[in-house]
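A.B. asks: Please construct the entire structure, taking both the sequences and the accompanying hints into account.
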Amino acid sequence: MIRIWQIAYKNLLRKKVRSILTITGIAMSAWVLVSLLGFNKGYENALNRDIDSMGYQVLVAAKGCPYEAATLMLKGGTGLRYMDESIARDIQRYSEVKVITPMVMQAVFDPNKGESGGISAYLGVDPKTFPGMKGYFQFQQGKWFTDPNAAEAVMGYEAAELEQREVGDKILIPEKNVELAVVGVLKRTGTQDDGTIFVPFRTVQRVFGVAGKLTAIGVQVDKNARIADVEQKMYDLPDVQVVSLAQVKQTIISLVATARVMVFSIAVIAVLIAMVGVVNTILMSVFERFQEIGILKSMGALPGDVFRLIWIETFILCLLGGIAGNALALGLVRVTDILIRRLLPYSPTGSLVMIDLPLASIAMAAIIGVGLLSGLYPAWKAARIRPIESIRSQEA
Amino acid sequence: MKKIIIFVIMLIFSAPRLYAAVGCDLNDPDRDVKRLFPGSTGFKTIYVSIDRKGGQPMLQRIEKRLGDSFHGLYETIDVPYTLYEIYRGKEKIGYIHGVNQKGQYGGIQVFLSLDLKGVIRSLYFQKLTNREAALLRSPAFGIQFTGLTLGSFNGYDVKTGTATQGPVAAIRNPAAGAEQDFRATLRAVKKNLILMDEFVFGSR
Numbered sequence: 001m002i003r004i005w006q007i008a009y010k011n012l013l014r015k016k017v018r019s020i021l022t023i024t025g026i027a028m029s030a031w032v033l034v035s036l037l038g039f040n041k042g043y044e045n046a047l048n049r050d051i052d053s054m055g056y057q058v059l060v061a062a063k064g065c066p067y068e069a070a071t072l073m074l075k076g077g078t079g080l081r082y083m084d085e086s087i088a089r090d091i092q093r094y095s096e097v098k099v100i101t102p103m104v105m106q107a108v109f110d111p112n113k114g115e116s117g118g119i120s121a122y123l124g125v126d127p128k129t130f131p132g133m134k135g136y137f138q139f140q141q142g143k144w145f146t147d148p149n150a151a152e153a154v155m156g157y158e159a160a161e162l163e164q165r166e167v168g169d170k171i172l173i174p175e176k177n178v179e180l181a182v183v184g185v186l187k188r189t190g191t192q193d194d195g196t197i198f199v200p201f202r203t204v205q206r207v208f209g210v211a212g213k214l215t216a217i218g219v220q221v222d223k224n225a226r227i228a229d230v231e232q233k234m235y236d237l238p239d240v241q242v243v244s245l246a247q248v249k250q251t252i253i254s255l256v257a258t259a260r261v262m263v264f265s266i267a268v269i270a271v272l273i274a275m276v277g278v279v280n281t282i283l284m285s286v287f288e289r290f291q292e293i294g295i296l297k298s299m300g301a302l303p304g305d306v307f308r309l310i311w312i313e314t315f316i317l318c319l320l321g322g323i324a325g326n327a328l329a330l331g332l333v334r335v336t337d338i339l340i341r342r343l344l345p346y347s348p349t350g351s352l353v354m355i356d357l358p359l360a361s362i363a364m365a366a367i368i369g370v371g372l373l374s375g376l377y378p379a380w381k382a383a384r385i386r387p388i389e390s391i392r393s394q395e396a
Numbered sequence: 001m002k003k004i005i006i007f008v009i010m011l012i013f014s015a016p017r018l019y020a021a022v023g024c025d026l027n028d029p030d031r032d033v034k035r036l037f038p039g040s041t042g043f044k045t046i047y048v049s050i051d052r053k054g055g056q057p058m059l060q061r062i063e064k065r066l067g068d069s070f071h072g073l074y075e076t077i078d079v080p081y082t083l084y085e086i087y088r089g090k091e092k093i094g095y096i097h098g099v100n101q102k103g104q105y106g107g108i109q110v111f112l113s114l115d116l117k118g119v120i121r122s123l124y125f126q127k128l129t130n131r132e133a134a135l136l137r138s139p140a141f142g143i144q145f146t147g148l149t150l151g152s153f154n155g156y157d158v159k160t161g162t163a164t165q166g167p168v169a170a171i172r173n174p175a176a177g178a179e180q181d182f183r184a185t186l187r188a189v190k191k192n193l194i195l196m197d198e199f200v201f202g203s204r
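For the protein sequence lines, the chains are A and B, in the order given. Note that this note's numbering has the first sequence beginning at 1, numbered continuously upward. Note that this note's numbering has the second sequence beginning at 1, numbered continuously upward.
Just to be clear, a hint being listed does not mean it is correct.
Said to hold, decoys possible - In silico EDC-like pairs for lysine to aspartate or glutamate, Cα to Cα no more than 16 Å straight-line: (1) A/K176 x B/E132; (2) A/K233 x A/E96; (3) A/K63 x A/D239; (4) A/K170 x B/E179.
Calculated from the structure, these hints are not laboratory results. Just so it is clear, the structure is predicted and the values come from calculations on it, not from any experiment.
C.D. replies: If you want it as structure tokens, here you go:
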């Protein structure tokens, strides 16, 4: 005996092109929806990962605009300000502080980079404390320098790749005419550290003439202490600004929030357009089968049966469209990632779009739910067809 | 329907990989092409790799012709080489092609502009870090390469940095303290010409 599902499926096959176009429309809107939900999730995860990978919860920088500090941490920016090294000793005395790591960043103009020159940046770090905070670092070659005064460097993966450096090679600091020996090359981390050249901080201070000065201090707070309490204490230090990484994260998220609202509005519009397409397709199909539905009812089909038949057709369209949309979103996740990166002012490292099973299921449920709502009117219209009227219309 | 499925699969798998091997592009092609080819009106960018063009046999052939094996991150089989075809109106007038080369203090990027027969018109260092980089970048050094072809490098040994005879033997290093980068430049030029011969001219 033929089932109602089979009838619905065969009905859709009768107008293949129309059904495929409707499914395509639903698939496109499902793709947009899944990608944007994936971005929502992926962006926050990537940001958290970037911030966690810094190894410290609070950054103390010389007084200035707070966004400079955020830029310094996340993008290795220039326009640096300095603070006295004694501040690091003061912070170290706080009972809540587990460990601190002093940093000096320097950027110099390299006239030999390209036609118009470019910037080369060096991050001076303490060999005693910095490696401990970056426990996840793995070496492709070599190891960390141990002498804070050594003329040595450890290069991030991409920095080494760009400069074609291996352990034992030399790098030259432009302007300063100072050679550094490469003692380590890191494995890829997927963070901004990949593009960094790490140098002992005393060496950076000496070479660049900033002895006793720091650009930042990374502070790792004891597990049992409250970060907010430590921050409060640090606010009393002269000429420094305290930036908690939670604060940086919130700032970036709020910057991106406006863009997200706009993008979500586009997604909602895309879904609505697809659903208008569904209503149109099903309604046309109902009108075309006016007599056929009348005959079905005259043979004993109840309004509920007709309603169910039309609704199942809507369901099949939305299901297939939803599946195709999810597949598109999964397959083109890298392309979406690249497109979003071009649009955003700041994007963390790693994948910005994260699509998993729960997310795909939510999007699928939303598409089917909205689709079924759209199918209500055509199904109701079909259920109300009177057999006598449909037969008369045939005679006319 | 099959065609649609194939198209979608191709679209998915042709998405760019994040961690591909690093190539050598002009930083500002619009500006650089006009400077290297005065009078040109346009260019077409083509991406080629040894992997796609000829695979392992081609790599072995290139290494044999170079007289040295490929090594390091910039000399893998899948490095995408960027080839600029230069046009004046609709007429093709030459090529620009760059390669990466390991230098004394960092990666060197050496670009050659070539006419349609593979003769060097000019040499351009996009990236070169050395105390005496200015001497190597000077027009006086670059002009020594003008008019040379792949054949000019036949007697040049990239491993020892010596040329027994021919025009390459006459090329003088203007920077005594940059001998390593001078040799790296000659290796890069020879490699560049061999790659162009394999990819474009095919005179082998």
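A.B. asks: Now look at each hint and say whether the structure bears it out.
C.D. replies: Hints versus structure:
Taking the CA atoms of A/K176 and B/E132, the gap is near 14 Å; set against the 16 Å cutoff, the hint holds. Restraint check for A/K233 and A/E96: the C-alpha separation of about 10 Å stays at or below 16 Å, so the hint holds. Distance check on the hinted pair: A/K63 and A/D239 sit about 5 Å apart at the alpha-carbon level, within 16 Å; holds. Between A/K170 and B/E179 the alpha-carbon distance is near 15 Å, which keeps this suggested pair within the 16 Å criterion.
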